[in-house]
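**Q** Add chains E and L to chain W, keeping to what the hints say.
Protein chains in written order, with our numbering: chain W, 27 to 139; chain E, 27 to 139; chain L, 27 to 139.
Rather than coming from a laboratory, the hints here were simulated on the basis of the structure. Take these hints with a grain of salt, some might be off.
The list treats identical chains as interchangeable, and a pair is accepted whether it falls inside one copy or across any two copies.
Restricting the straight-line Cα-Cα distance to at most 20 Å, the calculated cross-link-like pairs of lysine to any residue (SDA-like) are [as the list claims (entries may be wrong)]:
hint : residue 1 : residue 2
1    : 42        : 70
2    : 108       : 121
3    : 101       : 134
4    : 42        : 95
5    : 108       : 120
6    : 49        : 88
7    : 49        : 81
8    : 42        : 112
9    : 108       : 45
10   : 42        : 74
11   : 49        : 98
Residues per chain, in single letters:
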Amino acid sequence: MPQLIVRGIAAEQMCKISESLVKELAEICECGTDNFVIDCLHVTSVFDGSVVETFPFIEIAWFERGLQTRDRFAKAVADHVKALGIPEVEMAFTTYREDSYYLNGERRFDSAE
Amino acid sequence: MPQLIVRGIAAEQMCKISESLVKELAEICECGTDNFVIDCLHVTSVFDGSVVETFPFIEIAWFERGLQTRDRFAKAVADHVKALGIPEVEMAFTTYREDSYYLNGERRFDSAE
Amino acid sequence: MPQLIVRGIAAEQMCKISESLVKELAEICECGTDNFVIDCLHVTSVFDGSVVETFPFIEIAWFERGLQTRDRFAKAVADHVKALGIPEVEMAFTTYREDSYYLNGERRFDSAE
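In isolation and in its complexed conformation, chain W is listed as follows (with noise of 0.2 Å):
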């Protein structure tokens, strides 16, 4: 279920680390590989009164997982975008509450019942 929502990567360069993140990340967050979504968002950025390259940045949306696995999921997301030859990109990890989020209509988790 972690979503790695991208602003100012293009998706192609997306593509070619997408397949080798997406393992380590699985083996990292202990689950299966088809859970992971990455979403690169449309974005036209602007500063000092000009449109400009929009800054790498990617919000990962998950559930809370600790701080050890947000550091080893970190450092594997930035060693693969630097793999790029993307110098710089910031992050920052926003989480999911469990009883927030359904599928199919449905409460994914029971824990607010």
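**A** The following block gives chains E and L in isolation, referenced to the frame of chain W:
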């Protein structure tokens, strides 16, 4: 004010259900239909080295309304999406803080004062 | 680091106000102008069965800076947007957790250690 932020379902598809869906959601939330926003993000998704279809996902960004309303809201959205012939959709509710929400530069709610 | 994530205002419009706006926001936040990002999302909105203009909405994703700074920040953004002839804009501030924010794979802050 509930915002449906859609990934992986085309705007043309959402058009077909928007009127009936918003009417039902307004009843569930006991508010006017003009409080709702349906924004379809332009996204390119990748997986295993290729561009793939974006997994249908809807973030509902709103103010907390409790579990019962959330369950009904999620079911209404999922039923409408299913009627489009889309077999799976995931949904996450995220909450805005009332003291952090502004209309035309003014806080919309007094709770923080 | 404050990110202005814009829906419903064209990048060309945001260009016109970006220099003056970011200068004012940097003063309010007491940080450099190069900390700011203005990302305009590509969105198609629907309502009542039709594609409609996207309602102007700006998410401010940042680290919590307190109510007073938030109020001033919101007013500065709203005043600039109003100067474009856009009569209404809504804004929500969302906060990143410092222990969940990474630069090049390293946590940017030590608070979680």
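**Q** The structure should be examined with respect to each hint, and the outcome stated for every one.
**A** So, going through the hints one by one against the coordinates:
With identical chains, the CA atoms of residue 42 and residue 70 are at most 20 Å apart between copies only, with a shortest distance of 14 Å across copies and 23 Å within one. In this assembly of identical chains, the alpha carbons of residue 108 and residue 121 never lie at most 20 Å apart, being 25 Å within a copy and 26 Å across copies at closest. Within a single copy, residue 101 and residue 134 get their C-alpha atoms only as close as 29 Å, which misses the 20 Å cut-off; across copies the closest is 13 Å, which meets it. When the C-alpha separation of residue 42 and residue 95 is checked against a cutoff of 20 Å, the pair qualifies neither within a copy, at 24 Å, nor between copies, at 42 Å.
Proximity of residue 108 to residue 120 under the C-alpha cut-off of 20 Å is found in neither arrangement, the shortest distances being 22 Å within a copy and 28 Å between copies. With identical chains, the CA atoms of residue 49 and residue 88 are at most 20 Å apart within one copy only, with a shortest distance of 17 Å there and 31 Å across copies. For a Cα distance limit of 20 Å, the shortest separation of residue 49 from residue 81 across copies, 19 Å, qualifies, whereas the shortest one inside one copy, 25 Å, does not. In this homomeric assembly, residue 42 and residue 112 come within 20 Å of each other (Cα to Cα) only inside a single copy, at 13 Å, whereas the closest approach across copies is 29 Å.
In this assembly of identical chains, the alpha carbons of residue 108 and residue 45 lie at most 20 Å apart only when taken from the same copy (16 Å versus 30 Å across copies). When the C-alpha separation of residue 42 and residue 74 is checked against a cutoff of 20 Å, the pair qualifies only between copies, where the shortest distance is 9 Å, while the shortest distance within a copy is 32 Å. Proximity of residue 49 to residue 98 under the C-alpha cut-off of 20 Å is restricted to the intra-copy arrangement: shortest distance 13 Å within a copy versus 36 Å between copies.
When each numbered hint is compared with the structure, violations occur for hints 2, 4 and 5.
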